[in-house]
Structures are given as structure tokens and as C-alpha cells.
Amino acid sequence: MEAHTIVLGVIGSDCHAVGNKILEAFFSDRGFRVINLGVMVSQDEFIDAAIETGAAAILVSSLYGHGEIDCAGFRDRCIERGVGDIILYVGGNLVIGKHDPAEVETLYRSMGYDRIFGPDADLDAVADLLACDCAAKAVPTGTSR
Amino acid sequence: MEAHTIVLGVIGSDCHAVGNKILEAFFSDRGFRVINLGVMVSQDEFIDAAIETGAAAILVSSLYGHGEIDCAGFRDRCIERGVGDIILYVGGNLVIGKHDPAEVETLYRSMGYDRIFGPDADLDAVADLLACDCAAKAVPTGTSR
Amino acid sequence: MTFHDAPLSRHDFTAQQSDVRASWPTGADVDFAESIRFHQGRDASLNMASVLRQADARGAVLIQPRAGVALLSEHIRLLTFLQDHCDLLPTTIDAYTRQNRYEEAQKGVERSREAGHSLLNGFPAVNHGVAGCREVVESLSKPVQVRHGTPDARLLAEITLAAGFSSYEGGGVSYNIPYTKDVPLERSLRNWQYVDRLVGMYEDEGVRINREPFGPLSGTLVPPCISHTVGLIEGLLALQQGVRSITLGYGQAGSYVQDIAALQSLRDLGHEFFTNAGHTDYELTTVFHQWMGGFPESEARAFGVIAWGATAAALARATKVIVKTPHEAMGIPTMEANRQGLEATRQVINMLSDQPPLDTPEIQAEADRIKSEVRAIMTRVAELGSGSLVDGTVRAFEAGVIDVPFAPSKHNRGKLLPVRDLDGAVRIFEPGNVPFPAEVMEFHRARVADRARHENRPPCFQMVIDDIYAVSKGNLVGRPR
Amino acid sequence: MTFHDAPLSRHDFTAQQSDVRASWPTGADVDFAESIRFHQGRDASLNMASVLRQADARGAVLIQPRAGVALLSEHIRLLTFLQDHCDLLPTTIDAYTRQNRYEEAQKGVERSREAGHSLLNGFPAVNHGVAGCREVVESLSKPVQVRHGTPDARLLAEITLAAGFSSYEGGGVSYNIPYTKDVPLERSLRNWQYVDRLVGMYEDEGVRINREPFGPLSGTLVPPCISHTVGLIEGLLALQQGVRSITLGYGQAGSYVQDIAALQSLRDLGHEFFTNAGHTDYELTTVFHQWMGGFPESEARAFGVIAWGATAAALARATKVIVKTPHEAMGIPTMEANRQGLEATRQVINMLSDQPPLDTPEIQAEADRIKSEVRAIMTRVAELGSGSLVDGTVRAFEAGVIDVPFAPSKHNRGKLLPVRDLDGAVRIFEPGNVPFPAEVMEFHRARVADRARHENRPPCFQMVIDDIYAVSKGNLVGRPR
Ligand code: B12
Ligand code: B12
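Chains as they are written, first to last, in this note's numbering: chain A, 1 to 145; chain B, 1 to 145; chain C, 1 to 481; chain D, 1 to 481.
There may be inaccurate statements among the hints.
To be verified - Heads up, simulated BS3-like pairs for lysine-lysine below, C-alpha to C-alpha not over 25 Å straight-line: (1) C/Lys415 / C/Lys181; (2) C/Lys410 / B/Lys98; (3) A/Lys98 / D/Lys107; (4) C/Lys107 / B/Lys98; (5) D/Lys410 / D/Lys181; (6) C/Lys181 / C/Lys107; (7) C/Lys181 / C/Lys410; (8) D/Lys142 / C/Lys473; (9) D/Lys473 / A/Lys98; (10) C/Lys371 / C/Lys415; (11) D/Lys473 / C/Lys142.
These aren't lab readings, by the way, just hints derived from the structure by calculation.
Build out the structure end to end from the sequences listed, making use of the hints.
What follows is the structure, given as C-alpha cells:
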């Protein structure tokens with residue numbers, strides 16, 4: 001089976017690099033083809049890379065608290081750019097302050113993210129989900145997500 | 001002015017001696033005549049001592065959590081024994097667990113204690129109150145408390 | 001220095017036993033033979049002595065909470081919750097049971113049932129009887145210890161050990177002097193000989209029950225030499241009755257030099273006195289109690305005190321730590337507060353247990369001083385007892401040779417006064433009749449004088465009071481305002 | 001080793017200044033003469049340099065939180081609340097301002113106003129301008145510092161110092177390499193020369209502004225020699241521009257031997273390099289950052305980490321400690337969580353500050369090792385710079401002679417790999433091009449090999465990853481599962 005391509009990066013003005021380096025190592029190890037854009041990545045840079053590499057998914061990180069601002073409108077932008085059905089994951093410390101994860105999930109789901117993870121995400125479980133989601137996407141169906 | 005006599009002790013099966021020793025030293029220093037019964041004092045022992053010494057007030061300590069059981073009915077017993085109008089103070093860790101001080105106050109007020117103090121009682125303030133209460137009691141009035 | 005107190009004879013023991021078991025209805029249910037079978041059928045991981053021995057060999061520092069509530073089902077729920085966060089489990093006994101006031105304990109159980117929450121400050125094990133206690137033990141997957149404060153703990157021991165508890169805290173001094181007002185020392189010592197002999201009988205049947213003298217005593221500025229002496233006496237008395245697993249305890253003073261020295265010297269002295277008394281076949285471990293004096297009310301500050309206790313315990317490699325909670329100043333902790341104390345402690349101990357234990361020349365000097373103090377006191381105890389440790393101990397307390405600060409008991413002289421020095425170590429301000437070696441007393445005096453000079457006041461009782469309040473007010477040394 | 005980088009000339013400075021002040025409308029409000037008068041009119045207790053100097057003389061350990069929110073009134077409320085619980089105040093700047101993205105910061109302010117709570121991760125000081133910042137400073141009764149992470153911090157400095165802040169964190173390396181992706185090092189170094197010169201101009205007028213290089217860098221397994229080297233470089237660059245009060249920083253590694261050694265050696269090296277470079281008239285203090293890596297999510301465990309940081313800081317007598325909070329793993333702390341971190345820290349520091357600072361032969365050996373590493377790296381920096389510290393630093397990063405682990409910047413080699421040893425100290429697994437002295441590198445290798453043997457796996461990247469997660473998972477060393 002061919003490896004699924006995923007684009008990885010930390011959005012906005014966010015400099016938190018450690019988790020990003022670990023995610024790169026981890027997903028590569030789990031058999032994904034990882035395009036890592038590092039820190040301080042804009043929405044368009046993510047989308048450019050996804051288009052260029054035919055990626056199945058974009059994994060957005062936001063740690064520093066401005067996620068609510070930086071991540072808004074990402075799905076709409078994907079649609080505008082013609083990759084509206086790309087898989088969008090987001091994870092990290094997604095809002096300012098300590099909040100109920102369920103609230104955070106609702107907020108980001110309303111922005112169009114498919115799956116939302118806190119800083120305690122179990123990466124093995126994430127990789128399993130991602131593999132399934134990518135596989136499902138690879139099977140052409142009549143209905144869109 | 002003559003020194004007010006007060007009876008001091010730790011009620012029930014309670015062995016906490018440190019606060020009691022400090023209270024003895026403190027109230028003596030503040031000019032009270034202190035009859036200290038130490039730890040593990042029963043209601044009747046308190047009352048016996050108060051009657052014997054003509055004390056104006058009984059200061060009950062309870063630290064170990066059984067206060068709710070040990071302290072109940074003290075005012076009634078004072079009435080039975082003919083010293084119903086003695087000043088009754090109680091202080092310490094008066095219930096099991098960490099509770100709202102206001103609740104504890106209500107509980108002990110309903111048992112007939114005049115003033116109720118937590119473990120953080122400001123002793124200087126207590127001594128001032130006690131002096132006032134004793135003085136007020138010394139002045140015979142028509143109404144009982 | 002040898003002591004010849006004999007093990008309780010089978011005859012004496014049996015004579016007492018029937019009275020003891022008859023002193024409350026649940027005593028009738030004790031079945032020694034059945035309980036030996038029960039203990040023998042249990043996994044070694046459920047036996048306190050075994051778990052401590054292994055931890056000691058690995059250099060691990062185990063953690064244990066305090067916990068006990070009135071009702072059986074609640075108590076089981078509490079311990080089941082806590083066992084995921086600790087290594088060793090307690091069952092803390094309520095204060096009526098500690099005074100053998102089982103009727104009042106019963107009333108407490110009933111009122112707690114009505115109130116829907118515990119009105120007792122511990123678990124009334126005697127009232128719940130062997131079957132109830134057995135249910136506790138069988139619900140849990142860690143060793144369980146009885147923690148109390150009972151001068152006459154014979155019935156409690158009969159019932160809880162029969163139920164399957166594998167460790168029993170206390171001793172004839174440490175569960176009398178700080179816990180009672182007027183129980184003669186000789187009586188509590190004799191009653192604890194019974195308990196130790198009972199443990200020895202389990203030992204005779206191949207079941208090892210751990211015994212732990214209560215180290216902190218009054219929890220308030222206790223000089224290490226005092227609590228060490230008491231621990232050694234209770235350890236020796238236990239060994240005399242056939243106990244084989246002993247955990248010597250110490251309550252944190254707050255000075256890291258003193259605390260680490262105290263734990264080191266406690267272990268050294270234990271081996272010294274036990275082997276000198278001819279014992280070879282015993283297991284010695286140590287327990288460090290996080291700060292036993294008044295706590296700050298602020299939970300955040302309490303966490304600071306808890307973590308500092310965990311630090312000292314880890315740097316000294318105590319075998320286990322008894323853990324406080326952020327509710328300490330206020331009342332019996334909720335389950336959740338108890339868990340928090342354990343988690344904070346665990347985090348510190350984990351981070352420290354890979355690191356080297358701490359030792360410095362200052363710590364060695366302090367340990368040497370503690371040892372010379374303890375040897376001096378024990379020598380007097382031996383002289384006073386002329387061969388009997390029980391007699392020696394009773395006379396030592398009468399004479400004030402052993403003197404526990406701030407203890408409520410009439411049988412304690414209460415003339416010794418401790419105070420902190422400039423570095424925060426607990427020193428002797430007024431020695432009373434405790435036979436400190438002259439040069440050591442010189443040292444204490446000089447240290448206290450240093451502090452007095454620094455604070456511009458004579459050494460005085462107010463200084464001691466300030467020290468008593470200091471930790472709860474956010475410091476270690478009680479400086480004048 | 002001498003460096004001849006010149007102070008920015010008045011001409012160069014002024015030329016930049018007009019552009020800087022014009023880069024956002026609020027820049028126009030800076031009035032240097034007025035601000036000098038303002039600073040001069042203030043009590044010494046409000047000046048960071050003065051308060052640090054006095055603490056250092058007394059051997060006191062001060063505490064400081066991090067805190068900043070989007071809206072002015074909220075920010076003042078926050079700091080007014082915190083000042084009762086700490087000694088020194090911060091104003092943490094939001095991440096848009098750090099990147100000079102003032103439009104986005106403005107949007108953040110507006111959206112925060114609408115939302116009724118802060119959507120920014122700090123206080124956008126440039127947007128609030130001199131008057132807003134002045135209001136902050138005047139509302140408070142403790143010295144206030146600007147804490148940020150800004151490679152081009154010229155306008156922020158102009159505005160905040162004019163407003164009355166008396167301390168400014170950062171430097172051309174420490175606020176570039178860990179905080180950016182692609183800002184050339186030479187550019188940030190030049191921009192920070194401007195900031196330092198500005199501080200020098202305050203100094204020329206008799207107003208002392210404290211400067212603090214950011215010690216922790218990426219906060220993740222940074223070997224002390226790396227962060228010390230960066231601190232010394234930024235200290236020297238600041239002194240060259242006329243700064244006189246310097247606080248060198250260090251982020252806790254977690255090993256007490258290493259942390260105490262690091263703080264000792266940092267102070268010693270500061271004096272060594274500063275006086276060797278001909279500076280005499282300066283004040284040097286130190287700051288210890290509580291654990292800067294990933295925190296445990298459990299608040300109780302976080303308290304454990306916080307208290308352990310406080311312990312190391314107190315035992316090493318850092319001049320100040322930057323305090324974390326029990327919310328660290330989750331998000332910007334509430335006011336209340338911030339207070340809790342401060343209280344726990346204060347309790348530990350108070351209890352420890354009467355006690356002797358810790359020193360052992362192991363600590364001395366570790367400190368000597370750190371010193372020899374730093375001297376080796378600095379010697380290469382000097383060679384590469386042939387007289388210019390700016391050039392030397394730029395070339396050292398190009399060559400990987402200085403290499404910050406886990407930094408996001410392209411201008412950092414990222415070849416050095418750290419890993420913990422068996423005792424928990426951070427060691428060098430892969431040195432990259434950092435010129436470690438041969439015998440020191442031998443030591444690191446041996447220590448890492450020891451651990452690998454002990455864990456039955458080769459030294460590998462997974463070991464490093466395990467170490468990164470370790471503290472957040474409740475340990476120090478990342479053992480294989
Ligand atoms: C030291 C201590 C002990 C020592 C006591 C030694 C001794 N003989 O004195 C030892 C270790 C023996 C001990 C035993 C027990 N303790 Co205890 N102990 C403490 C501790 C840590 C400090 C008490 C102390 O000395 N404080 C210093 C003095 C100066 O303060 P104080 O006692 O509070 O007294 C002051 C005030 O309360 C006030 N005050 C007191 N009385 C009065 C009266 C009046 C009228 C006024 C105005 C003021 C006033 O003024 C005093 C002077 O400032 C407290 C917790 C804490 N405070 O941090 C727990 C605590 C009191 N103990 C507690 C318990 C439960 C016990 C035990 C039952 C064991 C157990 N289950 O954990 C046994 C008691 C057995 C018995 N029969 O009583 C609980 C009580 C729980 C509750 N109320 O919900 C506490 C609160 C700990 C806890 N959070 O669980 N304890
Ligand atoms: C180290 C650190 C720093 C270092 C970063 C160095 C570097 N360049 O990497 C420094 C000191 C420079 C720093 C700076 C700042 N930081 Co910072 N930092 C941390 C800290 C302590 C650890 C981060 C870390 O490395 N963790 C270890 C890695 C392995 O975990 P991780 O980053 O969480 O990543 C994992 C998960 O989140 C998850 N994940 C992440 N993304 C994704 C995406 C997907 C799809 C999935 C499935 C999973 C996933 O998997 C990753 C791997 O396990 C955290 C708090 C914490 N976690 O304890 C704060 C924290 C992230 N920082 C914070 C802030 C605010 C800042 C600053 C703005 C300063 C400030 N105001 O305090 C600046 C940021 C400036 C900027 N431009 O970005 C806040 C964010 C607040 C919020 N969201 O409410 C935090 C939470 C601290 C706090 N409680 O205030 N920081």
C-alpha cells in the first residue's frame with residue numbers, strides 16, 4: 001500500500017517547535033509521508049503544500065493560544081482553493097486558558113476541522129484514526145464528507 | 001479591675017494539646033485568670049470547674065473532628081446545672097472535613113454557643129471580645145442573654 | 001546495654017486474651033487459625049513487610065496516605081479510589097475507638113449513616129468486626145496498615161490482624177504520651193507487649209506482620225533524639241516479643257540538614273541497638289512523615305509544604321513517606337484532596353529518585369550529634385531499668401530523662417523546651433532533665449544564643465510559640481514581627 | 001578574549017529611531033526627556049535594578065510570575081491582584097506583537113473586547129501605547145518588567161521604557177533562535193544593540209534599567225553550557241552598549257546537582273567574562289526559571305514540579321525565580337492559578353531561605369565542567385569573530401559551534417542532541433559541531449552509555465523523546481516502558 005501524504009505545521013505566529021518535531025518523527029515512523037512545514041505557517045502555506053504534494057490530510061498545530069484567531073476560516077479557504085474535501089486535523093493548546101475539551105471541540109468543529117485533539121492526544125490512536133480517514137477518502141464515493 | 005475567670009479545655013476524646021497550651025499562655029498574658037483543664041475534658045468537668053471557680057466563661061476547643069458529637073447539648077447541660085447564662089465560646093476544627101465557616105457557625109450557634117471560631121482565629125480579637133462579653137455579663141440586667 | 005524483659009508467657013497472654021476478646025462483642029469472631037490460613041493464602045504483594053523489604057532493597061521510596069471514615073462501604077470506596085495513587089494503604093482509626101469507647105463509636109456510625117457522611121474521624125474497626133475488616137482487606141490490591149493512636153490496642157490488633165491487615169502502627173510510648181492525658185505508661189507498655197506478642201505469634205506461624213512505632217509523637221518541634229529514643233525502645237520491645245519487621249519513623253522538622261541526618265541516624269541507631277541487644281533476624285525500614293505540625297490554610301501553600309516533605313524524604317531515601325493533603329489545616333481531607341497530596345508527592349519523589357541521595361559533612365555532623373544524644377539517653381534508660389526496658393522507660397519518663405515537648409500526658413514531664421536555630425534546625429532551649437552530653441548541650445545553647453542575638457530578644461517562650469506557628473504562617477523559623 | 005564591537009553611534013541610533021517610532025502610530029508619543037523625569041521621580045522600590053541589587057546583597061530569593069492579557073483594564077486588574085503575592089511584576093507581551101504584527105494584535109484587542117475575555121496570549125503594549133503602559137506602571141507598587149520573545153523589539157522598548165517599565169527581557173540570540181523561523185541572526189543582534197543602546201541612554205541620564213537575557217531558550221533539555229554561552233554573549237553585548245544591570249538566566253533542568261552547579265557557574269562565568277572584557281561598573285544578578293518544558297496536566301503534579309523548582313532556586317540562592325502555575329500544561333493561567341503558583345513557591349522559598357545553600361563536591365565538579373565547556377565555546381566564538389562579538393556569534397551559529405536543541409530557527413544547526421543520564425542530568429548525546437573539550441565529551445559519552453546499558457537499549461532518538469515527555473508523565477528520566 002502506498003503511504004498517505006500528510007502536511008504538518010504550526011499555524012500563525014506560533015514558535016512552539018518541540019511537539020512539531022516529535023509529530024514529524026512519529027508519523028514518519030508510522031508509515032506516513034510527512035511534509036513538515038515547521039512553525040509559523042500560514043493557512044495558504046499549508047494549502048499550497050497540500051496541493052503540491054497531493055496530500056490527503058493537513059495536521060495543524062496551535063499551542064500558543066491564538067488558535068481561535070489563526071485557525072478560523074481554514075476549511076472555507078480550502079474550499080476556495082479547490083481542496084475542500086481534504087482531511088483537516090487540529091491539535092495542541094487550542095484556546096487561551098484551561099477550558100473544557102468538549103467546548104473546544106465544538107468550537108473547532110464549527111470551523112470545519114474533522115478531528116480535534118488536546119495536548120494530551122494519544123498519538124498511536126491518532127495515527128490509527130488518520131490511517132482510516134485517509135483510506136476512506138481514497139475510496140471514491142458518491143457522497144462528500 | 002478584677003481578672004475575669006475563664007475555663008479552658010479540649011472536649012471529648014481529643015488529645016490535641018498544642019493549641020490548648022498556647023491559649024493558656026495567651027489568655028493569662030492578656031490578664032484573664034485561666035483554669036486550664038487540658039485535653040480530653042467532658043462537658044461536666046467543664047461545668048464543675050466553672051461552678052467551682054465562679055468562671056464567667058467556658059472556652060471549649062475541639063480539633064479532632066468529633067466536635068459535632070461532643071459539643072452538642074452543652075448549653076442545655078449548663079442550664080440543667082444552673083449556670084445557663086455562662087458565656088460559651090468554642091473554637092478549632094469544629095467539624096469533620098473542610099467546610100464553609102458560615103455553616104459551621106450556624107451549626108454551633110444552634111447548640112447554644114455564643115461565639116464560634118475557626119482554627120485561624122485572631123486571638124487578640126478574641127480576647128477583646130471576651131473581655132467585653134465578660135464585662136457585659138458582670139453588669140446585672142433584667143434580661144437574660 | 002542489654003535488657004531482659006521476657007516475652008509474654010503463653011499463660012499470661014491467654015489469660016489476657018479472653019478478657020480482651022470479651023471486651024466488645026465483635027471480639028468473639030476472632031479465629032486465629034483461620035486468619036493464619038488467610039494470610040498464608042495471600043500474595044506477597046499484599047504483605048506490608050514483604051513490600052517494604054523489596055522497596056528497601058531497590059532504594060525505592062513508597063508513598064502512603066492517611067484515610068478512614070465511619071461506614072464500611074464508604075471506607076472501601078475511599079481506599080479503592082486511593083490505591084491507584086499510592087503504594088501502601090492505611091486504615092486510620094477514629095478517636096473513640098482509640099480510647100476503647102466503642103459505644104460512642106457505634107453512635108458515631110449510626111449518626112453517620114443518618115447524616116449520609118462520616119461524623120467520625122476514622123474507621124471504627126472494632127465495631128465493624130473481623131468480617132467488616134476482612135471485606136476491606138479483600139477489596140484492595142495493596143498492603144493495608146492499621147494507623148491509630150491507641151494506648152490499649154489489644155482488641156483492635158486481635159480483630160484487624162485476624163481480618164488480614166499486615167501492618168500495625170504504634171507502641172506503648174508513642175501511642176500513649178502524645179495521645180492521652182492520664183494512662184500510666186507501664187500500663188500502655190504492658191498492653192503493647194501483648195500486641196507485639198500477638199504479632200510474634202503470627203510470626204511463629206510464618207506470617208510476617210510489620211510493626212511501626214509512631215515517630216512524630218506530638219508533631220511539634222520534637223528533637224530527633226527524643227523521637228529516635230522512643231522508636232528504639234518500641235523497636236526493642238517489639239523484637240523481644242518476636243516481631244521481625246520493624247519500620248522506624250520520624251516526623252519532618254523542616255531543616256533538610258537535620259531531616260536527612262535524622263533519617264540516616266535512625267537507621268544506623270536501629271541496627272546498632274538491635275544487634276547490640278542480640279537481635280539478628282529482623283528487617284528494618286524507615287518511614288518519613290511529611291510535616292506533622294500546623295499547616296498553612298492556603299491549599300497552594302500546603303502543596304509547598306507537602307512537596308518539601310517529599311523532597312527531604314527522597315533525598316534521604318526513606319523507605320516510605322506518610323503523605324499530607326492540601327486540606328490539612330482545615331479538616332479530614334476529601335478523597336480528591338487526598339489524591340492531590342499523593343500526586344504532588346509522587347511527582348517529586350519520581351523526579352528525585354533517579355538523583356543521588358544527599359549527603360554533606362554538615363549532615364554527617366548532625367547525624368553524629370543525634371547519635372551521641374540518643375546513646376546518652378539510652379544509657380540512662382538502661383541504668384534506670386537495671387535490665388528491664390519497660391521499667392527503664394517508665395522511670396525515664398518519671399525522671400524527665402525522656403521528655404516529649406507539648407505532649408498532653410501527665411506522665412510526661414514537659415520540662416524540655418525546643419526552639420529553632422537560625423538555620424531552622426530544632427535545638428534544645430531548655431533541656432529539662434534529659435541527659436544531653438555536655439558538649440552537645442553547649443552546641444545547642446550556642447545555636448539558640450545565635451538566633452536570640454540575631455532577633456534581638458532573649459531566648460523565650462514567645463520564640464517557641466512563634467516557631468509553632470511559623471510553618472502555618474508561611475515560614476520555618478518564627479521571627480518576631 | 002576581547003571584543004571590540006562599538007556602541008551604536010548617536011548618528012546610527014537616531015537614524016534608526018525615526019523609522020522605529022514611525023513603524024506604528026503609538027511610536028510618536030515617546031518623549032525621552034519626559035520619561036527620564038518620570039523614572040527619576042519614582043521611588044527606588046519601583047526600580048527593578050535597585051530591588052534586585054538589594055535582594056542580592058541580602059541573599060534573598062525574589063519571586064515573579066508571568067502575566068499578560070489583551071485589554072488594559074483587565075491587565076491592570078491582573079497585576080494589581082498578583083502584586084500582593086510576588087516581589088516583582090511582569091508584563092508578558094502577546095505573540096503578534098512579538099512578531100511586530102500590530103494589526104493582528106489590534107484585531108485581537110477588538111475581538112477580546114467583544115468576547116469579554118482575552119483572546120491574546122499577552123499584553124499588546126505597542127498598541128496600548130505610552131499612555132496605556134504608563135497607566136499600568138502607575139497602578140502598581142512593585143517594579144515591572146517587559147517579558148516577551150521579540151527579535152525586533154526596538155519599538156516595544158521605546159514605548160515601554162518611556163512608560164516607566166524598569167526591566168527588559170531578551171536578547172538578539174535568545175529572542176530569535178527559540179522564537180522565530182527565519183530571522184537572520186545578524187539582524188536580531190543589530191536590533192538588540194539598539195535596545196541595549198537605548199537602555200544605555202537611560203543609564204547616561206542616571207536611570208538604571210535592568211536587562212535580562214532569556215536563559216531557558218527552547219526550554220527543552222538545553223545543556224547549561226549552551227544557555228550560559230548565549231547569556232554571556234548577550235550580557236557582553238549589553239555592556240558594550242552601556243547597560244549596567246544584568247540578570248543572567250537559567251531554566252531548570254531538574255537535576256539538583258546540575259541546577260545548583262549551573263546557577264553557581266553562571267554567576268562566576270558572568271564575572272569572569274565581564275571583567276575580562278574590561279567591564280567593572282556593572283551589577284550582576286541571576287534568575288532561575290522553574291521547569292520550562294512540558295508540564296504534567298494534573299494540577300497536583302504541577303504543584304510538585306513548581307515546588308521542586310522553588311527548592312532548587314532557594315538552595316542555589318538565585319536572585320529571583322520565574323514561577324509557573326498549576327495550569328501550565330493546559331493554557332494561560334487564570335489569576336487564581338497564577339496566585340497558587342506564587343504561593344506554593346513562596347512557601348518553599350521561605351522555608352528554605354533560612355537554611356544553608358547547598359554545596360557538595362559533586363556540585364563543584366559539575367560547575368567546573370560547565371565552566372570548561374563554556375570557555376571552550378566562547379574561545380571559538382572569539383576566534384570566529386576576530387574581535388567582533390556580533391560576527392563571532394553569527395558565525396558560531398552558522399558553524400553549529402553554538403547549537404540550541406529543538407529551536408525552530410533555520411539559523412540554528414540543530415545537530416546537537418541532549419539526553420539525560422542515569423542521575424537525571426542533561427548530557428550530550430550527539431555534540432554536533434559544538435567544540436566540547438575532549439575529556440568533557442568523554443565524560444558525557446560515558447554517562448550516556450551508562451544509561452543506555454541500564455535501559456538495555458542503544459542511545460537513540462527515542463530516548464530523547466522519552467526524556468522530553470518524562471516530566472509531563474511524572475518522571476525526570478524517560479525510561480522505556
Ligand atoms: C499536631 C496534630 C496532631 C498531633 C497532636 C499532638 C498533641 N497531642 O497535641 C497528633 C499527631 C498526635 C494528632 C493526632 C490526631 N489528629 Co491531628 N492534627 C495535628 C495538626 C497537624 C496540628 C495541630 C496543632 O498543633 N496546631 C497548632 C495549634 C497552635 O493550632 P490549633 O491546634 O489549631 O489551635 C489554635 C486554633 O485552633 C484556635 N483554637 C483552638 N481552640 C480554640 C477555642 C477557642 C474558644 C478559640 C477562640 C480558639 C481556639 O486557637 C489555637 C491557638 O492558636 C492539625 C492540622 C493543622 N492544624 O495543621 C491536625 C488535625 C487537628 N488532626 C486531626 C485528626 C483527625 C487527628 C486524629 C484523629 C488522627 C487522624 N484521624 O488523622 C488524631 C487525634 C486523636 C485524638 N484522640 O485526638 C484533624 C482533625 C480533622 C477535622 N476536624 O476534620 C486535623 C485538622 C488534620 C486533618 N486535616 O485531618 N494530630
Ligand atoms: C516549551 C514551551 C515554550 C518554549 C518553546 C520553545 C520552542 N520554540 O519550541 C518557549 C519558552 C520559547 C515558549 C514561548 C511561548 N509560549 Co510556551 N510553552 C512551552 C511549554 C512549557 C511546553 C511545550 C512543549 O514543548 N511541550 C512538549 C511537546 C512534546 O508537547 P506539545 O507542544 O503540547 O505537542 C504535543 C501535543 O500538543 C500534540 N499536538 C500538537 N499539535 C498537534 C496537532 C495534531 C493534529 C495532533 C493530533 C496532536 C498535536 O502532540 C504533540 C506531541 O506530543 C507549554 C506548556 C506545557 N505543555 O507544559 C507552554 C505553552 C504552550 N506556551 C504558551 C505561551 C502563551 C507561550 C508564549 C506566548 C509566551 C507566554 N505568553 O507565556 C510564547 C510563544 C511565542 C510564540 N511566538 O509562539 C502557553 C499557551 C497558552 C494557551 N494556549 O492558553 C502554554 C500552554 C503555557 C501556558 N500555560 O501559558 N513556550
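Between the alpha carbons of lysine 98 of chain A and lysine 107 of chain D, is the straight-line distance 25 Å or under? holds, 22 Å
Does lysine 410 of chain C lie within 25 Å of lysine 181 of chain C when you go C-alpha to C-alpha? It holds: about 6 Å lies between the C-alpha atoms, which stays within 25 Å.
Holds or violated: lysine 473 of chain D with lysine 98 of chain A, Cα cutoff 25 Å? Measuring from Cα to Cα gives roughly 19 Å; hence the hint holds.
For the pair supplied as a hint, lysine 371 of chain C and lysine 415 of chain C, confirm whether the alpha-carbon distance does not exceed 25 Å. Answer holds: lysine 371 of chain C to lysine 415 of chain C is near 22 Å, not above 25 Å.
Given the hint that lysine 410 of chain C pairs with lysine 98 of chain B, test it: the Cα-Cα distance must not exceed 25 Å. Between lysine 410 of chain C and lysine 98 of chain B the Cα gap is close to 32 Å, so the pair fails against 25 Å, i.e. violated.
Lysine 415 of chain C and lysine 181 of chain C were given as a pair; does the straight-line alpha-carbon distance stay at or below 25 Å? holds, 16 Å
25 Å limit on alpha-carbon distance, applied to hinted pair lysine 410 of chain D and lysine 181 of chain D: Holds. Lysine 410 of chain D to lysine 181 of chain D sits at ~6 Å (cutoff 25 Å).
Checking one constraint from the list: CA of lysine 181 of chain C to CA of lysine 107 of chain C, max 25 Å. Satisfied? holds, 23 Å
Run the distance test for lysine 142 of chain D versus lysine 473 of chain C: straight-line Cα separation, threshold 25 Å. With Cα atoms ~23 Å apart, lysine 142 of chain D and lysine 473 of chain C stay inside 25 Å; holds.
Lysine 107 of chain C and lysine 98 of chain B were given as a pair; does the straight-line alpha-carbon distance stay at or below 25 Å? Holds: lysine 107 of chain C and lysine 98 of chain B sit about 22 Å apart, inside 25 Å.
Compare the distance between the alpha carbons of lysine 473 of chain D and lysine 142 of chain C with 25 Å, and conclude whether the hinted pair is satisfied. Between lysine 473 of chain D and lysine 142 of chain C the Cα gap is close to 23 Å, so the pair holds against 25 Å.
Checked against the numbered hints above, the structure violates only hint 2.
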